[in-house]
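Q: As you go down the protein sequences, you meet chains L and Z in turn.
At position 284 of the first sequence the residue is numbered 284 (this note's numbering), and the sequence of numbers has no breaks.
At position 295 of the second sequence the residue is numbered 295 (this note's numbering), and the sequence of numbers has no breaks.
Since no wrong hints were added, every one of them can be taken at face value.
Heads up, simulated DSBU-like pairs for lysine-lysine below, C-alpha to C-alpha not over 35 Å straight-line:
1. K99(L) to K58(L)
2. K211(L) to K369(Z)
3. K93(L) to K312(L)
4. K70(Z) to K183(L)
5. K253(L) to K181(L)
6. K172(Z) to K211(L)
7. K70(Z) to K211(L)
8. K181(L) to K70(Z)
9. K211(L) to K344(L)
Note that these hints are calculated values from the structure, not bench results.
Chain by chain, the residues run as shown.
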Amino acid sequence: MAIPQELHRDVRTEEFLLNMGPQHPSTHGVLRVVVRTDGELVLEATPHVGYLHRCFEKCAENTTWKQVVPYTDRMDYLAAMCNNITYTLAVEKLMGWEKLIPRKTTIVRTLLFELQRIASHLMSIGTYGLDVGAITPFLHCFRERERLLEIFEEVSGQRLNYSYITPGGFQYPWPDAINRKIKGFCEYFEERITEYNDLLSYNGIFIERTKSIGVLSPQQARAYGCTGPMLRGSGIARDLRWDQPYLLYDELKKEGVFRVRYQGDKTPDPRDQMVDWSLGELGDCWSRYMVRAAELEQSRRIVLACLAKLDKLTDSEKEAGAGNIIKEADRAYTAPKGEEAYFKSENPRGELGYYVVSDGKPKAYRVKARAPSFNNLQVLTEISRGAMVADLIAIIGSIDIVLGEVDR
Amino acid sequence: MIPLLAEALNPNPAGPTGVLWLVQKLVGPDAFERWGGTLTLVGSLGILLLLVVPIVATLFPLFAIWLERKVSAHMQSRLGPMEVGWHGWLQTLADGIKLLGKEDIIPAGADKPLFILGPIITLAGVFVMLAVMPMGPHLIPADLNLGLFFLAAAGSIEVIGVMMAGWASNNKWSLFGTMRLATQLVSYEVPLGISFVTVTAMAGSLSMQEIVRQQHGWIWNWFIFRNPVMPLVFIIYFTASLAETKRAPFDLPEAESELVAGFHTEYSGMRFSIFFLAEYVAMYVVAAIAAVIFLGGWHTGIGPFDAWIQGASGGWGGEDPSLAMAVIANLVGMHVVFAKAWVLIFVQMWLRWTLPRIRLDQVMDLCLKFLLPASVVFFMVTIGWELLPFESWTSDIPFIKDHLQWRLPRFAVFLVYSCLVGYWFFWFKRTFQDPFKRSVKEKPWVISGVSTT
Chain L
1 MAIPQELHRD VRTEEFLLNM GPQHPSTHGV LRVVVRTDGE LVLEATPHVG YLHRCFEKCA
61 ENTTWKQVVP YTDRMDYLAA MCNNITYTLA VEKLMGWEKL IPRKTTIVRT LLFELQRIAS
121 HLMSIGTYGL DVGAITPFLH CFRERERLLE IFEEVSGQRL NYSYITPGGF QYPWPDAINR
181 KIKGFCEYFE ERITEYNDLL SYNGIFIERT KSIGVLSPQQ ARAYGCTGPM LRGSGIARDL
241 RWDQPYLLYD ELKKEGVFRV RYQGDKTPDP RDQMVDWSLG ELGDCWSRYM VRAAELEQSR
301 RIVLACLAKL DKLTDSEKEA GAGNIIKEAD RAYTAPKGEE AYFKSENPRG ELGYYVVSDG
361 KPKAYRVKAR APSFNNLQVL TEISRGAMVA DLIAIIGSID IVLGEVDR
Chain Z
1 MIPLLAEALN PNPAGPTGVL WLVQKLVGPD AFERWGGTLT LVGSLGILLL LVVPIVATLF
61 PLFAIWLERK VSAHMQSRLG PMEVGWHGWL QTLADGIKLL GKEDIIPAGA DKPLFILGPI
121 ITLAGVFVML AVMPMGPHLI PADLNLGLFF LAAAGSIEVI GVMMAGWASN NKWSLFGTMR
181 LATQLVSYEV PLGISFVTVT AMAGSLSMQE IVRQQHGWIW NWFIFRNPVM PLVFIIYFTA
241 SLAETKRAPF DLPEAESELV AGFHTEYSGM RFSIFFLAEY VAMYVVAAIA AVIFLGGWHT
301 GIGPFDAWIQ GASGGWGGED PSLAMAVIAN LVGMHVVFAK AWVLIFVQMW LRWTLPRIRL
361 DQVMDLCLKF LLPASVVFFM VTIGWELLPF ESWTSDIPFI KDHLQWRLPR FAVFLVYSCL
421 VGYWFFWFKR TFQDPFKRSV KEKPWVISGV STT
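So that you can see chain Z by itself, here it is in the shape it has in the complex (with noise of 0.2 Å):
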């Protein structure tokens, strides 16, 4: 067990992997000859790197309730927080100090230790998930060679505290919320983990840091773009996510119309505010493992630039770059992570902030009859996709068979959904705008079966 375990956290045996590579190369005495008076600069900022991704995990939360309070702000003709600092940077600040100044109440007839475990494992199960998160080629808390599985595992665990948590406050609005969110988030973890084998299939391998290797190269390299029923994954992983996340239009367990406050109806002060950090830190998590198994992780999609961070970094090319290059080229990959990961944040909140809840039932078609069915098939067609013979087709043409090879099926994909994106943007724009054609042209008030009383 203990050998397999630490085989597992390290798998490669010639030399450490992620955030120890740089350590090592910060303490051996290798390093410490070779850079000598940059030490105490350089190792100033790997400690700093050390310290990104527990400050990040924590800190994310505080920026992404101001942006959602920001976002939801202006969707509404609003202008959200004003008063506490810069255009109310410091909100969340003041409300976590307001938060944490509130009576912790327990509910008479609450079961006592599920009530405060709840929470508590709510939140480690998010945070777990962190751990196997690229952020850089070389930043990463642990590059499990299980990565992927690890996340869908952990990302299960959450259910559990939130089940606890409902099911302890003994309260019927929270048993409601509880039933919802098990029946919704057990369903919506088959179409993810199904979307997950998907991108297994094509990478041939569960490590996150392999994952983000295979789509080194121009923006047609990524896994959204690998074959055509790829960008559809990609949705079906975003709405299942949204559905794992609890968010719009999926978020009925807490659906506050509905059920007052759902599962934590009971809960207040700092335990309630820590159901809302779980939130966020979930939404950040299911937006970096987009960015990461489909959008390329930290590769920014222009092939000379990613060609400069994967050297950079070092630690693959077998070269050996120099430290400083290295901390700038992890710091490059960590940002444009982030900068992918909070466009997708802003679709999810757009989306909050747009559409209606849907009903418990609607939810259960949505993911059994439609992403269910589509992401197996989506998975059968991948794999006859990777199985395609492509390079034997082309040995006979020079050009495409030196040159070109996979890049050209890829890049067809990519430029046949960008023309349709492009298109639709313009479509929408040319349609939605009357709602009085829309009213004539299509007929929403004809319904097929009427279910009178």
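Chain L extracted, bound-state conformation (with noise of 0.2 Å):
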């Protein structure tokens, strides 16, 4: 959107140069965004980074394999759970693990993604509500988000950096009560969602507010290395879930429980709609906003799916799956020098990507974080030239960045 001419010849205007953060309330933690406007248009916004940095690569590289686990957790906070089995999943192909893990481990693995995703979305929708100013819907996210919290609390100890997920197993066995109360909440849970998009997302105002705002273009999207939400809302099926299947959703997706929508697919199922939805049309914030939404009742049915799953669980495979592979005293484990791996997983935020490599020493030579909040901020300054201040908060709240995550 251009600034008329005439406005510059009529009227002596000033640009203004705006700080936002890296205090402010809707910056999503310490991003700072220098922004120059033209009264209330953005001319350009550009966001400044760093103001969370702890060395998380360099650390990695003085803790041995397992201590690492905790600063995944602080990378991305609001998926602490999926970054854990995201760099599980690397060190175990580092070390050539794959075969050795049980299969409950696997299911009860990706039970845990899955449950982590309904929790990151619950926060990113609950606060994209408060960021174009609408309260109520934040706390009612805030309050599903509150049981779920607690299933992880039951099963950690934890309730936001849980470091559960270790290579070779789990931290603490798995408590088999716990199924029950997961089960509980799916049940609960779907009609919470009717919930939320009635007071929500088909808001006449809300979507006034975020639809045609932020556009971004499939070309951009790939330009810029978006992923997840981001680049589903542009109209890119690119899910990891279903393109390069991990975890037990090789299996999942042969017995249809989720599937990814392409481009020209038909859903004769309207039911089915907001399932096989994760897939925007226009790169707007609303379709960012409603592939999160779809992806609630996505992977509630996926956590549904892995619960009957561990019923139908032999004894023998509970036993085998309830701990971790590694004793307490071969801790120190080592990979050969030189070996190398890239693992990369689906996270709520798009893909993670974790490359390990050793040297021979019970310690990582290198680990490097692809993180994707990173990555999808980088589109901050195309996409909001020309928008509305209101709508650069829109815009930010739209990309879903975690700071943590960004900084690391």
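Fit the two chains together into the complex; they arrive one by one in their own frames, and the hints show the way.
A: Below you can see the structure in the form of structure tokens.
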């Protein structure tokens, strides 16, 4: 959107340099955006990052493989379980333990991955409502997230930074009694999704505020390396759970528990539109929001399928997957010198990748993280040009950044 | 100038009106002779009434803030304040004391006189509007014959105060908030004023008491049912009043997720709480105006009961009722106005905690492209309706001529709109329950013009 030249000719206007953040209510942490504005219009918004830099990669070179896990919690602190799992899978790939992991461990990891996705998206949707001025959906989302956090607390003893998944299995044995509680949550949660859609997704003002704002074309999304809901919101069907299945997703995909809609696909059942709809059409803020809203239902179904699989396990399988395959004494495990592995997974915010290199010692030679929020944030300047100041907040919210991951 | 002012303040040369009437009753020798022993009791009641307006105006925010917290809490499945007093009803007082104890900070770069003056003018502008707010048949501080005009004029003072505060803060966020505020409030004063004019055209007077008197009788005599477009005028007024009080979804000047705190970013302690106070008093004022000019003021809508209030309160009919009854009738009227205002305040809170905030260009679109033309059209329709020779049309029909007259069309309007509201509730419950259905039916993501970068 260009500023009409007549305006400059007739009225002398000045550009206004606005420093938004690092202490600002809606920059989702300590993001600093320097905004050049002309009245209410944003001419240029430049994100400045690094206020939460904690030297994750350097720290990881000085601790044993297992000791890195708590650091990964602090990266994307809203999806700590997903970070744990991704790092763990990268290390297991490096060590060559993939075949040793019991089936129950894999099922539980998949289940936790999706529960964490629900918790993360609830936070994202809630704060997005807050960004555009709707306060009530935020607290409704937190009400459900609270129940999830209670489940996580019962499993791992922690509410936010779990460090539950470690190379080889779990930190503590999986409590089988929790399965019923998770199932209860899933049943309760179905109605709540309806509530969010009534209250926020299809609210007229909300749609007015978010449609055709911050439009990210598929070409731009590809060029900037956007992933996750950012990419799918622009209409590109790329979901690692579908395209490069890991954990249990291959099986779930074949069973038809979830699917990723490709362009041109028909959805005969209107109820499935919601689930298969993790694909936007325009790449505007509303599409990105709706991708997340749809993934709530998608993840809920995956969790239910995982619970059904857990019930079908034999007693010996249950016994085998109860704890960790690594014994306490063998903690200083090593990989051969020069061995390297890269593993990526579909995090709630996009593709999270860990590149791990070993030099034969019981600790990493190098750990490199590819954080989705960092790559997604790059497009901010591009898509916020010509928007209004209120839209800029909506755009930052729709990118759904976690500064712990951007700065790491 | 002075005689004019005196005339404006006391439009009825035959005798004082409003509270003065009660005072005269109390202090006059006539009254003393007549009432003798009960004078002490009634006198204290009268003094209480005299104090009622300022006390209510000051205590109102205390209760309103508590209510807002409770309403928002229960909408968000929380409990809200529960610690200070029964269900936290003293929480506002505790917060007020805390705010009083805070350091009074004036930023170094601020324009000090304007910074101090800003909140004071804002509060004064809001409080002065209470001066012409009728609470009962005789409970009005000053029954100006320019009542509505006075309200519109005093309402604009608030804008000046807030703009002073925002500009004097010397803060970029405050400047943004002030800019938005000036744009929004000045624009929304136009549809607000036109809806005032529409009411004036029906009442034939700007005096608040006269406007209430015109709505005497059954519920369909209220101005909101006076003609088919009046309910829509009421909605226009209510929307514009939300914008005037800077309440959600029009809370752009202080949008906390965008502008930190908007125009009062630099204010803290008592100065901040004065802005807060002004906002809540303004909420009451706009709700009370709506209750008075659209919803019959202190009329309950039940014909015989209103007739009793009118008769017992004295003053109009020529008869001289007992003073005790007058006090009671006035108190009843006051509570009717309060009840109506509180319902509207609850709606304001309800909207605030349900709706997202709209954007500045959408605020202006709504005002200039929709509310303004609509209010002008409704004004025209109202004038046309008032000019209809309904009496001469019905002069041949004996029953209507004798008994119904203008009540017939008003009753029809009342009936039709009541049915519409009822249907809307029913339809709302049926359709909005299934978002899957809605997502298929409506396609909000299909838009006209995409502005790509």
